[in-house]
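Visitor: Residue numbers (this note's numbering), protein chains in the order written: chain A, 1419 to 1677; chain B, 1419 to 1677; chain C, 1419 to 1677; chain D, 1419 to 1677.
These aren't lab readings, by the way, just hints derived from the structure by calculation. Treat the hints with care, as some may be off.
[Claimed, not checked] Chain C is nowhere near these chain B residues, computed Cβ spacing over 12 Å in every case: (1) 1445; (2) 1478; (3) 1486.
[Said to hold, decoys possible] Here's a subset of chain A near chain B, in silico, CB distances under 8 Å, partners left out: (4) 1588; (5) 1617; (6) 1623; (7) 1624; (8) 1627; (9) 1630; (10) 1670; (11) 1677.
We put the beta carbon where it would ideally sit given N, CA and C, even for glycine.
Number of protein chains: 4
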Amino acid sequence: SNNFFLLAGPCAIEGEEMALRIAEKVVEITNKLEIPYVFKGSFKKANRSRIDSFTGMGDEKALKILRKVSETFEIPTITDIHEISDAKMAAEYVDILQIPAFLVRQTDLVVAAAETGKVVNLKKGQFMSPESMKHAVTKVTDCNNEQVMVTDRGTMFGYQDMIVDFRGIPTMREFAPTVLDVTHSLQQPNQSSGVTGGRPEMIETIARAGIVNKVDGLFIETHFDPANAKSDGANMLDLNYLEKLLGNLVAIRKTVNSL
Amino acid sequence: SNNFFLLAGPCAIEGEEMALRIAEKVVEITNKLEIPYVFKGSFKKANRSRIDSFTGMGDEKALKILRKVSETFEIPTITDIHEISDAKMAAEYVDILQIPAFLVRQTDLVVAAAETGKVVNLKKGQFMSPESMKHAVTKVTDCNNEQVMVTDRGTMFGYQDMIVDFRGIPTMREFAPTVLDVTHSLQQPNQSSGVTGGRPEMIETIARAGIVNKVDGLFIETHFDPANAKSDGANMLDLNYLEKLLGNLVAIRKTVNSL
Amino acid sequence: SNNFFLLAGPCAIEGEEMALRIAEKVVEITNKLEIPYVFKGSFKKANRSRIDSFTGMGDEKALKILRKVSETFEIPTITDIHEISDAKMAAEYVDILQIPAFLVRQTDLVVAAAETGKVVNLKKGQFMSPESMKHAVTKVTDCNNEQVMVTDRGTMFGYQDMIVDFRGIPTMREFAPTVLDVTHSLQQPNQSSGVTGGRPEMIETIARAGIVNKVDGLFIETHFDPANAKSDGANMLDLNYLEKLLGNLVAIRKTVNSL
Amino acid sequence: SNNFFLLAGPCAIEGEEMALRIAEKVVEITNKLEIPYVFKGSFKKANRSRIDSFTGMGDEKALKILRKVSETFEIPTITDIHEISDAKMAAEYVDILQIPAFLVRQTDLVVAAAETGKVVNLKKGQFMSPESMKHAVTKVTDCNNEQVMVTDRGTMFGYQDMIVDFRGIPTMREFAPTVLDVTHSLQQPNQSSGVTGGRPEMIETIARAGIVNKVDGLFIETHFDPANAKSDGANMLDLNYLEKLLGNLVAIRKTVNSL
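All chains, please: the whole structure from these sequences, using the hints.
Guide: Encoded structure:
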């Protein structure tokens, strides 16, 4: 099919039951809508604002849950890595290695991911232009790994706001499949509380603008109970709204594909 | 119909023949596509970067051309005003008075426009948030003129670039019909030459993202020969591409309206 | 002397007694510190966020107060103009005509000011680069008026904050005497209340950084009772702190002049 | 004394002779001016724009050069770390561990640095507000390490420019000694070439604005031959200009200290 794909899941893996329940629900929706689906979960959170923030339940344990999700539903999985040594370890469990936005300029880390032979998803730094992501992509392809994609997660706009520059979608699609991360694009960083805020009511606005411009994939963090998620709750999509959202987006994409 | 409307024309009125030719072509296209059309032309350009830039062919003469376009094709017209005294004069010739982005904080000017009883189109300052446009709208409605709309023309992003914040569309639609100015949103200001640059290849990207988010109208400057237009040539749409662009947008809007 | 000069006063002229009291106090301080002083007062405020904001006590009356301040203390005065017709009128009463930041791209207004033969103070738009102010300066000198200066009042940084780019001071000093407006540089615009906020505790930080980089003049709005000023109270300097501030700045400038 | 301190050196350690020659020259100057001096050199460069950029001469070898510089001139040294495992290794050779701006949100890395007991220098992310650095500082002090300082290296301003927000100096000095990195604050990132540009002619402008606002230290990359430095050449200070620059700054600081 000619549909967009979906990277979705909770932000962090909080436990096996939670992961399986979320995956099951998303699989059901994406099967119905014929959306290729990749389950996303972080096996640790290394870049929290405050030291008392939740940082994960333990590396190996979380990676095993990712594998179990993959085997149970026969879907690929993606996780993010933060240290060179994470690359090899995570590559044994998941299909796509993601380089976080803050770390996309760390050449050693990108190369370590590329050398696993897995697909590499490079998040655009909040401080980077769409054009400059070409250099990050080249770091992967220079390792003889052509399986690389990029993800826009918004750009710094003043201290406490982010903006999505939709000119970046056609720009980045010229050198790699491009994903739009609607969850993190709506962050409101640098809040005085030390907890990142968000504007989840704008998820569909941002998602539509991407889909209508032929973005290849969407990245959405979703949870049955965003208010109680252990991280990124401020921007997560309530799983109960996912089907309606994706249904709208599929209809729009079909029209776009027909033009 | 439930379609978007179009404000379009050359940037400045350069002559009667040119204005009529452009209007004729756009009328033909918009009739076919059932898009309500308003002819746009500036009767003077007061805010050029350099003193040697073209500033118009003479107020009265240009306004008369606007009226002639209106009568010839039975379409409404819009022009922008820069001084309080412009309001009354222009109101005798056109249907919509537009307050330029740089001037939208000039209370006296907004009030003068409002008091003519004409429709007032308030452009969002490059330096203003979508939310703050509510105060500008209130200045019009406080004059007992409910016919007010707002137009986003992009927001400053560093010295030499602009960005469109699509969160602004649902935000501003809560208090007024909202137009997206795809021409000026793609400006690249503060170039060392003193001539504003642009990225016209991104017109459809920006327009689609607006249409899919239910923007009420589009503002497009167009010309048979953008390279030789006397102002804003860098971002104008070649009139030969307008029909294809609008056709795509109408198809997208139909799908959106059906969701 | 080789000292910086000072443009200072209340934001708007609220009454004769108030104006004379403020001028008297500032004259006393600047005489002691050998700082050339220009009294600043707006005869109307045309660009308020909300229509119910104070917009002035009446043009002619306020201009006469400016002249009275000038004659009483034998000091020059400055006021800002918003319409072409203001230029001639204000030029009969004051020594320097100021073009507000929002209006500095209005060629007709700049030319009208230049043609009075008075000194013209061009405020840098919040949306303009320091380099691009060269074009505004040229509009004045092209009218055979060489008496032109520029004033930095900060640059947009996200929707609700401003930033001073100190690289702009040496840049703009290459084409005109340059003033740093410490009051408006600290504005926090686009607040949801419709009333601009501020960070007056940063006045000395910003002023010092300008003085140490040889800015030619400072612009400071000051009032005996900032909390009750009719406009811009959020950033005004309490007049009781002015002497200490200026004393520090003069000491720093003396050292800089000796390097 | 009450003077500011200096972190300075080449960007990357390119070889022993080069390091010793630079250190010798800076020691001579800072001794004369009574400026406490810390030699700075990166033992590897992990975050280059392009994979073919120079990334260092080898970890252990470069760290030994840092130690040799320290022993030869009896001065402390600083280097930056990029992986958790770097912390322990580098701590055996240097006195201050620096967390790069892109990595300052990586909790594990900050904690690893803190737990060595060495002084930790946290660079402010280009995407962070001065206020939000408080959370980074707390991550260090929560490890019972009170020896922490922060360094401003500019803030993203559009895609291809950076800006220094001097309000950040008093803000950050409230929770930690604050350094101003004049070299990286003048970067011009995201250039189409993949090589970061710069504006070294603005070094003294930025440095003066920091010194006059009581910044505790300055960070300057310097080289006998910036054009041929293997990284960051675009913003490095030619070592021949260092004495004149520092002399001016010391004079200014003395005046400031006397106020």
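Visitor: Does the interface hint hold: is residue 1588 of chain A within less than 8 Å of chain B, judged Cβ to Cβ?
Guide: holds (6 Å)
Visitor: When you look at the beta carbon of residue 1478 of chain B, is every beta carbon of chain C farther off than 12 Å?
Guide: holds (16 Å)
Visitor: Report holds or violated for the interface hint on residue 1630 of chain A, using the least CB-CB distance to chain B and a cut-off of 8 Å.
Guide: Holds: closest Cβ of chain B sits about 4 Å from residue 1630 of chain A, inside 8 Å.
Visitor: Residue 1670 of chain A was flagged as interface toward chain B. Is the shortest Cβ-Cβ separation under 8 Å?
Guide: holds (6 Å)
Visitor: Would the hint on residue 1617 of chain A be counted as holding, given a Cβ-Cβ threshold of 8 Å to chain B?
Guide: holds (7 Å)
Visitor: Taking the least C-beta to C-beta distance, is residue 1623 of chain A closer than 8 Å to chain B?
Guide: The hint holds - residue 1623 of chain A has a Cβ within 8 Å of chain B, the shortest such distance being about 5 Å.
Visitor: Any CB of chain B closer than 8 Å to the CB of residue 1624 of chain A?
Guide: holds (7 Å)
Visitor: Just want to verify: residue 1445 of chain B was marked as not at the interface with chain C; is every Cβ pair farther apart than 12 Å?
Guide: For residue 1445 of chain B, whose nearest Cβ neighbour in chain C is about 32 Å away, the distance exceeds 12 Å, so it holds.
Visitor: Please confirm whether residue 1486 of chain B is truly not at the interface, meaning its C-beta sits more than 12 Å away from all C-beta atoms of chain C.
Guide: holds (25 Å)
Visitor: Using 8 Å as the Cβ threshold, decide whether residue 1627 of chain A counts as touching chain B.
Guide: holds (4 Å)
Visitor: Hint check: is the beta carbon of residue 1677 of chain A less than 8 Å from a beta carbon of chain B?
Guide: Nearest chain B Cβ about 5 Å off; hint holds.
Hint violations for this structure: none, all hints satisfied.
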